Amino acid sequence: MHRAGKSSEYAAGSLLTVADLSVVEVATILAETDRLERMPEAERARILAGRKIALLFYESSTRTRTSFELAAKQLGATTTLVSDKSSSIEKGESLKDTGLTLRALGAECIILRHANSGAPFLLAKVTGLPVLNAGDGMHEHPSQALLDLRTILARVPGLDAGRIDGKTLAGVTVVITGDILHSRVARSNAMLLPKLGAKVVLCGPKELLPEDALGLGDGVEIERDFDEALRTAQVAMMLRIQRERLAGLELDLEDYISRYQLDGERLKSSAPKALVMHPGPMIRGMEISDEVADGPNSAIEEQVTHGLAVRTALLVRALGAGRFESVTV
Amino acid sequence: MSDILILNGRLVDPASGVDAERDVFLRHGKIAGVEKPGGLKDVTAKEIIDAAGMVVAPGLVDVHVHLREPGQTYKESIKTGTAAAAAGGFTTVVAMPNTVPVNDSVAGLEWMLDAARGSCIKLLAMPAATFGSRGEEITDFHELAEAGAVGFTDDGKPVLQDAVMREALTAAAGIGVPVSQHAEETRLTGGCSMNAGPVAFRLGLRGMTVEAEARIVERDIQLLREIERVDRVRPHLHVQHVSTAGAMELIRSAKAEGLHVTCEVAPHHFALTDEAIGDYDTNAKMNPPLRAEADRLAMIAGLMDGTVDCIATDHAPHARFEKEQEFERAPNGITGLETALGLALRVLHQGEGMTLSRVMELMSARPAGVISLDGRGTLRVGSFGDVVVFDPASEWKFDVTKTRSKSRNTPFDGAPMLGRVAYTLSEGRVVYKA
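Chains as they are written, first to last, in our numbering: chain A, 7 to 335; chain B, 37 to 470.
Isolated chain A, as found in the complex (with noise of 0.2 Å):
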């Protein structure tokens, strides 16, 4: 009956949630992403050429961490990372008092990684940065669902990615399967590709993907026999067992390997043309075989490559340059 305020309160260019995204602004992402990408080396290293950007990292990454930084030397800007291992982080400094260190040291914009959700809202809160998620506990990772629709668009037949819009992915089934419950990127893509129009259906026992989930959003629904969501799917996305958070849970890993691992004889019977995905890291003989994650199938090098592309648009928003000069930062 009575809510805190809303995006307002946080620098345009940040990416907190992907539910603050809408289409169209998706729509210019990409195409910016695109341009970028065909623009010369040189040119590109000019956008953002002084600018400062800070890396601020609780928790181990490889993909995020590398993509983002390269994406913002490529621009032309001078990064800085800070991680919990290295820093007064250790001596307790809080994530308020780190951001407004990094901001008085020139910091434009400040790329988190936290292990707890909604550590980036605090963030934008207190330093009035733009703030870009890499990724908050269970909660989300826009970049990664963002470069998971780009990766979408460039491999699933028949789509039009030169539109983006509502229907864009109208037809198409997207297959999340594994620990939902502990993930950020199953979030961020539930709630993004059916803005596009996708259908998104999560596949896992209970114990990792509870009812709840439904409540992510419309265009959600849950499968819990894989083959038969498999049946349906256009794009299968697997996902690691979080075994750092699962605080507990008992799972049997053999039972779950059977019914949920995506290897050559499930993907030949129940869905031979579809994309494979995963945002890894990968555990090769537990959510996903060998000759999957290698196959012909696979766009896992792929979602990488895309990474670096779209973080290179979400850098360029975030400062306010390129298309989004027009946006006061």
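To be clear, the hints were calculated from the coordinates, so they are not data collected in a lab.
Just to be clear, a hint being listed does not mean it is correct.
Claimed, not checked - Each computed SDA-like pair below joins lysine to any residue, with the alpha-carbon atoms no more than 25 Å apart:
1) Lys131(A) to Leu165(A)
2) Lys433(B) to Glu15(A)
3) Lys91(A) to Glu15(A)
4) Lys131(A) to Thr437(B)
5) Lys102(A) to Gln108(B)
6) Lys212(A) to Met288(A)
Unchecked claim - Short, incomplete list of chain B residues facing chain A, as computed with Cβ under 7 Å:
7) Pro234
8) Phe237
9) Gly240
10) Leu241
11) Asp315
12) Glu360
13) Glu362
14) Phe363
15) Glu364
Predicted model, so just to flag it, every value in this text is computed and none were measured.
Glycine residues also receive a C-beta, built at the ideal position from the N, C-alpha and C atoms.
Given the structure of chain A, go ahead and fit chain B onto it with the hints provided.
Same frame as chain A, but now just chain B:
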């Protein structure tokens, strides 16, 4: 102490069944006269309060507040906390024992209740049910009761072990005071920071299930039955801050069964749902957490049908730096003393059609009854001069920058309120004036 006349007001005193125009005379800190308008014209008083258009009611009683003294006076002190209480119309508050150190001794209790702490209203306390609130060994109930304890509680956490809770209930029964239980099966809520459900799932936060509350309430009710049967005493269980439909139903049945169970509901649990957390607003984080709409409606149903004995704020101040943290790291609790009446009148009276008299009863006579308080929670002649005078029609918005509390952790900043306190009198002294 000068005499005071409160003239032309609408007296709402549920305990004596009066809801009519009355003039009230206070002398020597007590209610000395209550008469129809004009009936006190022979009386002279130094101070006259014109209460035309106002409600004159017993000062409010809150059986559940955290005043943070001793040990955490950067959050609140007895002085500032009771000043906030007075501003909210309260004239009696019961301080919880989770101070630093925990209030589990006569010396600690006496220190807390000492006039030197600067309480401007009647301050009472419930000391810890177990030493250090560790849930292992019960405190000396007899000694503490002699020193003024009005009940026992380990609030903030439950008395978890069956045998310890049984012993506490039995010991308290011998004295005639309640054991006030924070009902949470903490073995089910580790790492949780809000209510379990679709909102928690969307926010990626681990949720406390409604069963965690019901399970302890159910266990405690079972203990009451057993103690009545075996020990032939009648223990009094007071369930703090009920927040779930399931627990409410258990309490309803236990009352029907004739067991001595009372319970309280906090304003935020009938005013808000877990949607109020929005973008991880730590000012909407408390324990028990904000629940689903069905639970909120069950709180209102319990308040309407008499299952709920009283409204209690669970006023829990925290400093800004503590709340300005990641949601899962921020401490539980919100301030509530200055918004309780305004929310109760808006949501229950205006919104649900509860009579004004019933709202006042839930905030004065009934909570006074829960802790067997004599001479308070009513304006009968001879009672203490604890009075609240408020404009029942005034619609206003709470502005946290004006708070008397040291802390500002409330989800109700800017929220609409109904009924504005004009005067609060404690034992015949004006302790708040708008």
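Taking the earlier hints as the rules, which of them does this structure contradict?
As far as the earlier hints go, 1, 3 are violated by this structure, in ascending order.
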